[in-house]
Amino acid sequence: MGSYLYRLYRGFQGEILAVPGRVIALIFVTLLFLLPHIIPHPLVLKIFSLAALFAIFAASWDFLSGFTGQLNLGHALFFGVSAYSAALLNVHLGVPPWATIPIGAIAGVIAGLLVGIPALRLRGFYLALVTLAFPIILIGVIFVFPDITGGELGLFGVDRLSGSRVLDYYIILLVATASILVMWKLTDGRSKIVRTGVILHAIREDEITARASGINTVRYKLMVFSISGFFAGVAGGLYAHYIRIAGPSILELFFSFQPIIWTIFGGIVTIYGAVAGVFILYPLVELVRLHPVGEIYRIVLMVLILIVVLLFMPQGITRWVRDHIEEICPRCKLINIRTRRYCRACRAPLRAEK
Amino acid sequence: MVEAILINGLVLGGMYAVLAVGFALVFGVAKILNMAHTAFYMVGAYLILIMSIMLGFPSLPSIVLAIAIMGITGRVIYKLFLDRVKEHPVAVMIISVGVAILFQEVLLIGFGGHFRGIDPFIHGFVEIGGIRAAYQQVIAIVTSLLALVAIRLLLSKTQVGNAIRAVAEDREIANVMGIDVSRICVITMGISAVLAAVAGAVVAPVFMVHPLMWLHPLTIVLAAVVLGGLGSIKGSILGAFILGFAETAVIFLVPMGAFLRGAVGLSVMVVVLLLRPEGLFGVVFEEERL
Amino acid sequence: MAAPFLEVENLCKHFGELRAVDGASFHVGQDEMVGLIGPNGAGKTTLMRLITGILKPTSGTVRFKGEDITGQDTAKIVNKGIAPTFQVVKPFRHLPVGANVMVSCLCPRAKRRGDWVKTVELRARDALEFCGIADLALEPASVVSHGDLKRLEVARAIATEPELLLLDEPFGGLSPAETELMGKFLRRLHRGGRFGRLHSEGPAMVIVEHKLSDLMKIVDRVIVLSFGQIIVEGTPDEVVRNKEVIEAYIGKEVSSLVS
Amino acid sequence: MYLEIKDLTVLYDRAMVLNGVSLTVGKGEFVSLVGPNGAGKTTLLRAIAGLVKWEKDTLKGTRAGRITLEGSVKFDGEEVTNLPAHEIARRGLILCPERGRPFREMTVLDNLRAGAFGCKDKKVVSRNLERVYHLFPRLKEREKQISGTLSGGERFMLTIGRAMMSQPKLFMIDEPSVGLAPKVKEDLFARVKEIYEQGSTILMTEQDVSFAFDLAGRNYVISKGHLVGEGTAKDLLADESLRKTYLGL
Amino acid sequence: PPVVEEVPTIRIGIIGPMKFTVGEHTWWGAQMAADEINAAGGVNVGGVMHQIELFKADSNELLSVVDAVSAMERLITVDEVDFVIGGARTEAVLAKQEVMADHGVIFINVGSAHPEQCMRLAADYERYRYFFRGAAVVNSRYLGKMIFALVDMVAGEIRQELGIETPKVAIMMEKAVWTDPIVAAAQAKLPKMGMEVVGVWRPSPIAADVTAELTAIKDAGAHIIMTAYLGPVGVTASRQWGELEIPAAKVGINTDAQSKRHWVATGGKVEWEVTFNFIGPVEITPKTIPFYTRFLERFGDFPYYSAGVYDSIYLLKEAIERAGTLETYAVIDELKKTDFLGVGGRVVFTGIDSPYPHDLVWGPGYITGLGIQWRDGELVVVWPDGRAVLGDKAWEGIRFEGTVDYKLPPWMVEFWKGRQ
Ligand SMILES: Nc1ncnc2c1ncn2[C@@H]1O[C@H](COP(=O)(O)OP(=O)(O)OP(=O)(O)O)[C@@H](O)[C@H]1O
Ligand SMILES: Nc1ncnc2c1ncn2[C@@H]1O[C@H](COP(=O)(O)OP(=O)(O)OP(=O)(O)O)[C@@H](O)[C@H]1O
Ligand SMILES: [Mg+2]
Ligand SMILES: [Mg+2]
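Chains as they are written, first to last, in our numbering: chain P, 19 to 372; chain V, 543 to 832; chain B, 117 to 375; chain Z, 32 to 280; chain F, 2 to 421.
Isolated chain P, as found in the complex (with noise of 0.2 Å):
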């Protein structure tokens, strides 16, 4: 046993806090969970838990278009398909949050594969026009059907998550923390638990090669579909419960690029990088409010911190912190912290001498 935990300590001492990415992830989770501890303001609740919630939309956007290249324009539809479903369940069956979400989750996953199963002849911005239609036909049928969908006022009085703002919090970060895990798992191109993110790269990469290496890559596409729906679908649900109304504005345009536009500006083809995204640039909208000035030019601002950021770094926030903090080494491609002068394994020089 005592052998165990030092084992398990001298892991997480070498993989984790050995890589100043790794730790600074740490820390962060580590504040999320005691935030209602240290700051317990409503409102910076409120925030946090839709950063939390955003995260995970924007998370699985990275995981379906980042990693697979299956450039989504119309990522909402999952969102907004499973925030529908979750509140008509439970507007008009009285079904209680914790099964709603779960069942909004699987409707993600049949949005998924509606969009997936055409999808798998297009590519690129062909593909990309097909998904950004999709919702917006979508907010079309739902006109149809106003007395279901409650039109252009959405479905309201939808029950809340749970009967406090802190335990709305926990329940969203857990979940939250859990997808986000399990996204990063699946993605991971180095594990060598689950081989996936090795596949998902390749079909990225070169859809024609992969399949020439024997990967069935249509199984592989719909399977990314569908789990993205699926998490795109737990944050909807949440959302749902959380906001307590599902209207068409979750499947307009402008809801479809947020996710991107969190993604790109944390790091694309990283998970992390999404999540990061969400967590600067939507606080720091919502805190900027506070202020008279701020609140008249905080998209301007928002705006500007984008376009700036991604001039400089454009491959996004988290990638260009790491390039600068970490190292790779030249020989073993293991992650070193910058300040090293050779590799923590292999002993390799990490800086060029002449």
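These are calculated hints, taken from the structure and not from any lab test.
Note that the coordinates shown come from a computational prediction; the quantities given were computed from them, not determined experimentally.
Yeah, the Cβ is synthetic: ideal placement off N, Cα and C, and Gly gets one too.
No false leads were slipped in.
The following label-pair restraints were derived from C-beta to C-beta distances: (1) Z:D44 - B:R357: 49 to 59 Å; (2) P:Y24 - Z:T276: 46 to 56 Å; (3) V:E829 - B:K333: 25 to 35 Å.
Assemble chains V, B, Z and F with the ligands onto chain P, guided by the hints.
For chains V, B, Z and F with the ligands alone, kept in the frame of chain P given last:
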């Protein structure tokens, strides 16, 4: 009914085509996903509005001036924001979305979110067999066809046109051929911004002017260009007309469902793309079919 | 001649007016190493693509081990045991070279044939070692030189544990020394046996190549394609001396090709 | 010297690809560059053509953009090290890239016309076009074909033809013979020789050492980013160790 | 020195999409009321005069409902306002109601007219009782009735002027839940009113072009276009209707046409259109004209939403003064007893046993709304015209001073005169 659908579809398609033609150049041909294109259209419309209504300039000079300013704006925007990241297409996309939102916010703050209008060149309408079309809409059709011809000439007959296509395909190799990639992109953006401003002068008087006016046309132009097939200008124009006809048909055939016109237009696009994944006139390599 | 292994019958592929492959019929035996040569644009690559399902034929059939596989999905065909390489290299550019090969090791066929969970990295490594690029395993493919990418193509193909390898210009861009080495390796692979942890049952091969001198050393039989049609079939010696072939393809120099 | 390279060093991130390479090409000379795979031949040509700098500029802000480029390249007496790639090309220093990279979605003819981008004189363009078609009649046949659908060999032909359209003063050809049928290859070398004899200067990398040595007046041998040998074919072949280690002959 | 005890202010949050016309007007109306009240000494709470302090929150709700919710939360938890006034998009108002209920803060909605917001009170009064429909805003159920009155007036004019006995009506209303019942009612009711329905067109609220709809309507031979627009489609519809001189009188609701800017936006093409409005340059109450002119002077636009906000703040003031405390439930109780004569009419809230609790009582003697017509860049009031409304005698004689008679568009008269 049929002639009404035909004429109205033509009229609507003409307006969509004017909006789409500049985008077809910058996105379809040059493959720069400039999401701010319709925001340029919006800014062009606002410039005309400011000059002709607020400052009281006569309309033709204000239009010419607006087009000139937009031509420069397009180039400046490219130089400032997009040139640096041209190797990262998603960054280009997001930055251009950012630029569009920036325009939107600046206009919102500066002018408020009010609906405004600019005057058409000629007031009034023509009547063909009892069906009325505003002069401005006829002008739109003519403009779109003129622009189509001009761009096709540019692309097929001039070195710059050839270079635009080359740059879109392979920037690195274009360099080696002595093509200044940045300059070609700047030129492309300039031309497309000019065309966006032309759309501002031609289309905005029929629609209306307000700071969110870029969003709806954005889906239209994206759909038109992709429907026609990337790389093909005539495809984009055709795509615009197809959308126009589809939408008009909805209004005449199911008036109760007129609100579905956008959804139906996009559905038509989806169906076409499922049948022809490369769009109507897009290039496809058979061995890369999925 | 052994039992029918790969049979191509009257295969045609037309691109509009152009008949890229025009009624080609041939077969490859289970233990054969066949060279496929012909002038540029003769239809060699197209023929290979038709076999692997990357292109769908206009008409004709492809049979593999007696089963009709015409126009099936590429992934399916690969999992039946036919592995293609590309003439114009198409690696997963941002993945490490090792991962490029690992993807092949993860295909159902390769998984079925090995205790994959534990050894997939090792087996990818073996394939790389076999092709002589193991030291590049951790480098992303985008930084690897052209010649090495050609070798990576071969490594990726053999990692699917094929019974039939279709190699499209495997020597393209290799230096003379490496070409020779690669030729020897292919020969060895064909003979079968154990290479580290990699077990080869000796796949049949079809090799498209313009480096005739190197090709002729390793193949048993040569098929010559011209304008989509097979004009000559025979041993290397016969082919090289064939008038038609010389005229259409080789040009003047002959003697240097045959040892 | 027409082209003069001094201490050219290229580091990708921390990987040394070229290590202080110095070489010269005289006006009207035919120089070849040989060496094993991954030696740095392509990188050297790309660095001369300004593509390494271009890569560095466009990838700024990313890990892949951490490129160190040192040393100097002088062409026709002028320093071109810090010029953008298209400027260099305009001065007549033309690179014909390896692996045949046509502009895939353009027709063969448009590809060739793109090659003549800098050339304003229509007559010259059509004369050059004639020359290319004469060299590769196959291209004329396929004038209207989308170049992405060409066969591998046809693509190489097109790439070479396209580079020839830009009237190179100094023509850098990266592995011209890959993927060409023996007969075409023979032809090609005859043509390259013709171009050379008409007054172009040529710097060529080639795997087929015997061909290269046949053609070139002077040769450089490069390995792992270092120049390891220089001289006429005879000199090099005489050096036993060089022959064994680097040339594989 | 004597310790001066500071009197806390009454904190009122004003929420709305501040970058858009609705939000702007909400803010203007609030400012006007607050300035007046403060200048007059403030609000008397149990003998102590309190000043009003306004807090502005941009809900951005036309673009993002999440933003609206956060803005509401911020007003309540950071600015700690005692009351919230505002609201524009129904979806957002419904979401804001939840925040309101969570925190128990009085929320007066002045922008969105949907009955659902009040029906929720009937379903769960405990939770949602903090909600009131702001002054002068008409529940969209009643809006429907008003449109019929307006159409009836126009039809009368057509019969008289053009001699067409059964005018043909085209229904062209934006596709929305609030218009659905109006459309259904119109189809059923118009024939009974001696008119013929020739078709129903339902463009999207954000449609940028309605040429095809207008062509179809003209094709159908309609004399009247019955409209209901909240969205931007209203602007396009006016503009294109005027440009193409569609020979049918346009009447109904077109919210944007209530603003002075609409005239400019449509290049004057809106001329002759009739729309419902909350307020106009007529003497609804003695307060109306002074308010109207003061507002126009100060802000350069006609008041519309602003009238509701203005009145809401005044009636809130009265309720607080009657309650003598800022305590929420006491104020709610007093609000319920409101009987207030504002600039938009007499404000009385419906009781809790109504299907729409805390809504406004509509009808003769209460809030009525007006029919206005654009003529030569000016808004004139054409309704109530003193006649009975659809047989309801209670409306007889209700005609505010300054009202003028309705006129048909001249091109329409010309078009149909030639055919008769
Ligand atoms: N998709 C296509 N559309 C039109 N023509 C095509 C297409 N693909 C190939 N071709 C043509 O078919 C012919 C055969 O091409 P293929 O690639 O099979 O030649 P190859 O024998 O492999 O030549 P190489 O030795 O040069 O690689 C070529 O002339 C090529 O231009
Ligand atoms: N972008 C890059 N980043 C890192 N290393 C690179 C990059 N490009 C090339 N290299 C490395 O530089 C070395 C030389 O590559 P180069 O392509 O110049 O070789 P080459 O001599 O042309 O080889 P070949 O004959 O195979 O084409 C290779 O080892 C390669 O891995
Ligand atoms: Mg080939
Ligand atoms: Mg090379």
